[in-house]
Amino acid sequence: MLDMKAISKVYQTEMVQTHALRDFNLHVAEGEFVAVTGPSGSGKTTFLNIAGMLEPFSGGQYCLDGVDIGKLNDNARADLRNQKIGFIFQGFNLIPDLNLYENVEVPLRYRGIKSAERKRRVEECLELVGLAGRAKHLPQQLSGGQQQRVAIARALAGRPRFLLADEPTGNLDSLMARQVMELLEQINREGATIVMVTHDPELARRAPRNIQIVDGRVTDFTLYQGRSAETPLAAGG
Amino acid sequence: MFELKPTINALMRSKLGAVLLILQLAITLAIVSNAVSIIQDRLTYLNKDTGYPEAEIFKFNALNFDKNLDLLQQVELDEQSLRDLNGVIDATAVSSVVLSGSGSSGGMQLKPEPQESKRVNMGYVTGDEHLLNTLGVKVSEGRDFTEADVVVIDESDARPSVIIVSRALSDELFGQGKGLGETLYWGADPLTIIGIVDTMANQWPKSSFGTKTAMIPMIRVGNFQKFLVRTEPQARAQVMRQIEELMLASHRERVISDVTGLDQKKARYDAKDVLMMRMLMTLIVVLVVVTALGVFGLSTFNISKRTKQIGTRRALGARKSAIVRYFVVENALICSVGLVLGGAAAVLLGQKLMNWYSVPALSYHFIATTAGLLLLMSLLSVLMPALRAANISPSIATRSV
Ligand SMILES: Nc1ncnc2c1ncn2[C@@H]1O[C@H](COP(=O)(O)OP(=O)(O)OP(=O)(O)O)[C@@H](O)[C@H]1O
Ligand SMILES: [Mg+2]
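Residue numbers (numbering that gives the first Met the number 0), protein chains in the order written: chain B, 0 to 236; chain W, 0 to 400.
The following block holds chain B by itself, in its conformation from the complex (with noise of 0.2 Å):
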């Protein structure tokens, strides 16, 4: 599914160079659920934004379902986010002024799907995070776990097979971090592929597979087929 080859990012700012990630290797394959920890600054976030096309890299290559980032343009870009790629923000990112309903209907807006078919999907996914009665409020109205949710239905609604999370639970208590987690985790068995960044440790060992990025390398951890969490099963770079 995600496949990156010796990627790396550097930023340029007026006084210095920062090396983002640097000859980073990763390959995860559909289906999985992969979280990714690490400390501040280390280019979690970084990864995440080359992973979801939201940034273009320095070097190296990025295949995603086979498809070569790195040769499309802008437009091909937009709609392969669009296609193939759900976001879930740590901030929700829910768009002030739209509620609830509008929200979750703008990727499919710009898919160009079809006014019934947008309504069947929105109210799905707005069931599937129960929040079906409050399609017509606005963001402002509801609690973070609850905007988080709709966050949710709005990746969802695409029907996309590879989720993106940055620290999805970061604003929320643990109660609705756990329900959230929960939502992922039903979200991953019906056949999506998820990759989250967390602080959250207890989260990070839900996951069936951790990694981690320190100073833009990564480091991966595979817990299933019984391994314990402190093996490295591979270490990149």
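Just so you know, these hints were derived from the structure itself, not from any lab. Warning: the hint list may mix true and false statements.
What the hints assert, rightly or not - Facing chain B, from chain W, some residues (calculated, C-beta under 8 Å):
id, residue
1, GLU2
2, PRO5
3, ALA9
4, ARG12
5, LYS307
6, THR311
7, ARG312
8, ALA314
9, ALA317
10, ALA396
11, THR397
For every residue, glycine included, the Cβ atom is placed at its ideal position computed from N, Cα and C.
We have chain B already, so just place chain W with the ligands on it with the hints.
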């Protein structure tokens, strides 16, 4: 694809900026379309042919102090010396000066007073058989005055019996194309129309009867006498410089004043209109610039306020073009509401102006054209901020909190 419904809903939820812009557009449309209509009307008037070669004609006044002077003899002497002057085509003493805003007006009727009959307002000028030639106009029907037509008003009660009128006056009195040889009444006096001039404005060209003019072959002398002179096209300035000396040479005890070209007379008469046009144009420019800045400012503000949402939309799969379209559609929606309101306001304002001042009815194509141009301007003003919005990086979605 145009996201109309959510755009409208979003607008309804944060109205203030939109409402201000709607008001601004409405006011601009109402004022600008009326101002353009008034300017157009004034321009039509200013460019309208008066019938006279204004740049070749000038006037002056002679004010006599000599109680023993034979005024009639002096006028004839003056006219003769003017006509003999190098560069002069013709000259005549007149009762008043066309295009100047002052003179005599009255009504011409189909029947003698006190009988009731159709009455048409007009301005009239009296002079001798040189009058038409001095004014540089020709009859298109009938004939010019002859010496025998001219009557001197003195103790005897001699009255003129013929008249030359402008086409507008004869048409109004007798019907389209008619009037030559007909008799009209000036008070109780009958006058036969011996000639008709197609275009010949009177002393008040912007009045409602500005084209209705009568020329009457009659001399009434006084101590204050006005003269008109027509010169060769290039000779006017030089002739005008000689006038005072020439007049004083034949008789010293008088004052020569207001030696002024007919074009300058008209310019003075029109000065208020020109000033009003300039003010209206300034008003239009100011309003349009302020509105453009308003659209530009609101879009810029909206975009900086919505940076994160734009990044999120991009992350969710919006192409750059979709972001541009969003802002353009939003702007077009606001604009349409403003322009519809403004169109209605323009009609109302036009009616009020028509009642209060003598402005012509506002024709709808001025509103439509102005609205179209405002829409275009508004779209151009939103385009730059919208293009900037489209270039907001989708990574804003994860980078800003
Ligand atoms: N737009 C940018 N310009 C310059 N440097 C940047 C930019 N974005 C990120 N960086 C730098 O790149 C490095 C990696 O940042 P990144 O946001 O990926 O870290 P992170 O692992 O997500 O951290 P956190 O856990 O705090 O979210 C940091 O040193 C950061 O300062
Ligand atoms: Mg981060």
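Hint-by-hint comparison with the structure:
Using the Cβ-Cβ criterion of 8 Å, the hint placing GLU2 (chain W) at the interface with chain B is satisfied: the shortest such distance is roughly 6 Å. About 5 Å separates the beta-carbon of PRO5 (chain W) from the nearest beta-carbon of chain B, less than 8 Å, and the hint is met. At a threshold of 8 Å, the smallest CB-CB gap from ALA9 (chain W) to chain B is about 4 Å, leaving the interface hint in force. A least Cβ separation of about 5 Å between ARG12 (chain W) and chain B falls short of the 8 Å threshold, and the interface hint therefore holds.
Against a cut-off of 8 Å between C-beta atoms, the interface hint on LYS307 (chain W) holds, since the closest Cβ of chain B lies about 7 Å away. Contact between THR311 (chain W) and chain B, as hinted, is supported at the beta carbon level, the nearest pair being about 4 Å apart and thus within 8 Å. Annotation: interface hint on ARG312 (chain W) holds; nearest CB of chain B at approximately 7 Å, less than 8 Å. At a threshold of 8 Å, the smallest CB-CB gap from ALA314 (chain W) to chain B is about 5 Å, leaving the interface hint in force.
Checking ALA317 (chain W) against chain B: minimum C-beta separation of about 5 Å stays under 8 Å; hint holds. Against a cut-off of 8 Å between C-beta atoms, the interface hint on ALA396 (chain W) holds, since the closest Cβ of chain B lies about 6 Å away. Interface hint at THR397 (chain W): satisfied, since its Cβ lies 5 Å from the closest Cβ of chain B, which is below the 8 Å cut-off.
Checked against the numbered hints given earlier, the structure satisfies every one of them.
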